[in-house]
Amino acid sequence: MPHFILEHSANLNGQTDVQALCDLILEEALQTGYFELGAVRVRAISCEKYAIADQHEKNAFINITIRMGAGRSADDKKKIGDAIFAAATKQLMPLLNEPYFALSLDIVEINPDLSWKKNTMHNRLRKT
Amino acid sequence: MPHFILEHSANLNGQTDVQALCDLILEEALQTGYFELGAVRVRAISCEKYAIADQHEKNAFINITIRMGAGRSADDKKKIGDAIFAAATKQLMPLLNEPYFALSLDIVEINPDLSWKKNTMHNRLRKT
Amino acid sequence: MPHFILEHSANLNGQTDVQALCDLILEEALQTGYFELGAVRVRAISCEKYAIADQHEKNAFINITIRMGAGRSADDKKKIGDAIFAAATKQLMPLLNEPYFALSLDIVEINPDLSWKKNTMHNRLRKT
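Chains as they are written, first to last, in our numbering: chain A, 100 to 227; chain B, 100 to 227; chain C, 100 to 227.
Chain A with its partners taken away, still in its complex shape (with noise of 0.2 Å):
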């Protein structure tokens, strides 16, 4: 954790650069000053299926969910939320000046009591 999941609508792949999102995702969630850098993974779908709001064919979505560990306060989550929020918004200017896109973010909380987990990078990256 925390986990990153990028889906979206496939008419978006092409005029917009979903693997720069995905590293800029990696970034902010690093400067928040949160996570740990080998706990950080960010990834998108892309839905080759779906049907949007009025069907109008340049209608398009991202929704980004963040799975992390349950237990930070209210406030940390917020700023969280925000920060990568607002550098999602800031990369995806020229779709939101455009009305066809619909762009979201969730925060969904992990029950530490139901996680599991091995991370091999942490002890390379903590040695660095």
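If you're looking for bench data, these hints aren't it; they were derived computationally from the structure.
Keep in mind that this is a model prediction, so the values were computed, not measured.
Hints may contain errors.
Same chains, same names: a pair is fine if it fits in one copy or spans any two.
Below 30 Å or equal to it, Euclidean Cα-Cα: the simulated DSS-like pairs (lysine-lysine) are [unchecked claim]: (1) LYS177 - LYS189; (2) LYS217 - LYS177; (3) LYS176 - LYS189; (4) LYS178 - LYS189.
Please build the complex by placing chains B and C on the supplied structure of chain A, with the hints as guidance.
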């Protein structure tokens, strides 16, 4: 919000019209009267690798997750789930008539305090 | 239910047998004794675009989410998670022996009041 996420085994491609199912769910969601036109986002995720029950090659599944804002009454949530599930059931009757198919749906509520969004479709669609 | 959803970075394709991991999880889930044969659905989602930790090209992840009906005891949930995680750990040992891999698993419970399902496999499998 709301988000309708269909995960399905890839063996349904070619035998079931997943795009038509996305379109149907969009239409049904709007007909419930609970959701604004510009807010509804339906998408499908086709899973190439899967393992279902006894691994019969005909085994297939569709799982629909509705992610929507928290705060609706239990009765409202039941009406929404009932409506979408009934529509999906009707369209998927050929699969449900064979002993190899699992259809499931569940509703997950999103905490409004942990949710961020910008939607540029609303202005366009509210005006028309 | 239960649903086992494996998300993974696409760089694992070719070096890890994701289908075999799906098969293994199905088998392990059944061996726990908590789940009915016809109910178990495992699937993988391969993510082509991702950003992990220090962005080393070998960095990879697998995240397993178990979505299952609410109501089991804390002890039962721990046994289920332990069993699946142990099986995945064993199969993924080559990855876990290198400093580039994160494996995670968590359990999400589905509210039975917000769940709908039809499963035509049960009749066939209960008869045999």
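Hints, verified against the model:
1. In this homomeric assembly, LYS177 and LYS189 come within 30 Å of each other (Cα to Cα) only inside a single copy, at 18 Å, whereas the closest approach across copies is 38 Å.
2. In this assembly of identical chains, LYS217 and LYS177 lie within 30 Å of each other by CA distance both inside one copy and across copies; the values are 28 Å within and 16 Å between.
3. Taking identical chains as interchangeable, the C-alpha atoms of LYS176 and LYS189 lie at most 30 Å apart only when both belong to the same chain, with a minimum of 20 Å there against 35 Å between chains.
4. In this assembly of identical chains, the alpha carbons of LYS178 and LYS189 lie at most 30 Å apart only when taken from the same copy (16 Å versus 38 Å across copies).
When each numbered hint is compared with the structure, no violation occurs for any of them.
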